[in-house]
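S.K.: Starting from the known structure of chain A, fit chain B onto it as the hints suggest.
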Amino acid sequence: MTVTTIAGVDVDRNEEGFLTDPSEWTEDVAVELARAEGIDPLTDRHWEVIRFMRAEYEAKGTGPTVRILGKTSGVPVKELYQLFPKGPAKLAAKIAGIPKPRGCI
Amino acid sequence: MPDPIEKVSIIISKGSLEGIYPGLIMANGARAEGIEANLFFTFFGLDAIHRGRLDHIKVAAVGNPGMHMASLVGVLPGMSAIATHMMEKKMEAFDIPGIPEFMELIGDTGCGMYACKASVDLFGFAEEDFIEQVQGIITVGEFYEIAAGGEIIFT
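Going down the list, the sequences are from chains A and B.
For the first sequence, my numbering begins at 1 and goes up steadily by one.
For the second sequence, my numbering begins at 1 and goes up steadily by one.
Worth flagging that the hints you see were computed from the coordinates, not collected in a lab.
Hints are supplied without guarantee of correctness; some may be wrong.
Straight-line Cα separation of at most 20 Å, SDA-like style, residue types lysine to any residue; simulated pairs [unchecked claim]: (1) K58/B with S80/B; (2) K86/A with E151/B; (3) K100/A with M69/B; (4) K71/A with D28/A; (5) K86/A with D108/B; (6) K78/A with E36/B; (7) K78/A with G29/B; (8) K71/A with D95/B; (9) K100/A with M26/B; (10) K78/A with K90/B; (11) K78/A with E132/B; (12) K60/A with K86/A; (13) K86/A with E132/B.
Pulled out of the complex, with its shape left as it was, chain A reads as follows:
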């Protein structure tokens, strides 16, 4: 675990770059994390997914998998992959400052 300063905030991150404390997350942190993943700028659709991920995490303690995200977020699977080509659930979770979802399907 390492502490890095992102958008002026000190955040704890694991070896994969996921925030270990979701409360350290800010929208500015999200913008910087997205840029580091090659997503720049974040569109309204990206934000829709990011906010959904955070809400799901708060409600259930874990982020949804791609399949669940496609069924429940209002953003279909095809579009999720266009928004987050390197893996929608994984990348959106990272940018949303929550742990990586662990579902297999």
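M.R.: Just chain B, lined up with the frame of chain A:
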């Protein structure tokens, strides 16, 4: 840390439920990790992409020690259907999609899907027999071209 896997090509050669799911789960999981993925269906694995068959995939009730049931019982009429029904109920409880929904999901993830030409010819199938997610009927040589630069997994 070793280099991450960036590309996988998964061959599905069996037509039973337990022969098809692992390859589908691995392909879908690869895409979820941002890994490029292709599925190649050969021999009885073609049933997974066959319009008239993918909704009727069954668990093998005979010669399947994993079923913990004597093969002598497995040969009774309807045993495969019973075993499949039990398995499907269990999978539904764990929110694992049925094969038709799973194929649609995997297509939407941008995973490539191909049918093996030799098997298609052997079984007398044609392009219109397959679901729309299938991008082509290809030769083994073309498969290797598509798989170039990645890992190949045979199931």
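S.K.: Each hint should be assessed against the structure and marked as holding or not.
M.R.: Here's how the hints hold up against the structure:
As the CA atoms of K58/B and S80/B are separated by approximately 6 Å, the hinted pair is consistent with the 20 Å bound. Of the supplied pair hints, the one linking K86/A and E151/B holds, its CA atoms being roughly 18 Å apart against a limit of 20 Å. Distance check on the hinted pair: K100/A and M69/B sit about 39 Å apart at the alpha-carbon level, beyond 20 Å; violated. Between K71/A and D28/A, the direct Cα distance comes to roughly 28 Å. Violation of the 20 Å bound is thereby established for this hinted pair.
Between the alpha carbons of K86/A and D108/B the distance comes to roughly 14 Å, so the proposed pair stays at or under 20 Å and holds. Between K78/A and E36/B the CA atoms are separated by roughly 15 Å; this keeps the pair inside 20 Å, and the hint holds. At most 20 Å may separate the alpha-carbon atoms for a hinted pair to count; K78/A and G29/B meet this at roughly 15 Å. Straight-line distance between C-alpha atoms of K71/A and D95/B comes to about 12 Å, which keeps the hinted pair within the 20 Å bound.
Our distance criterion of 20 Å between C-alpha atoms is met by K100/A and M26/B, whose separation comes to about 18 Å. A C-alpha spacing of about 28 Å is found between K78/A and K90/B, which places the hinted pair above 20 Å, so the restraint is violated. The suggested pairing of K78/A with E132/B holds, with an alpha-carbon distance near 15 Å, which does not exceed 20 Å. With a C-alpha separation of about 24 Å, the suggested pair K60/A and K86/A falls outside the 20 Å cut-off, and the hint is violated.
Taken as a hint, the K86/A and E132/B pair is broken in the structure, with Cα atoms around 24 Å apart against an allowance of 20 Å.
Violated hints, listed in ascending order, are 3, 4, 10, 12, 13; each of the other numbered hints is respected by the structure.
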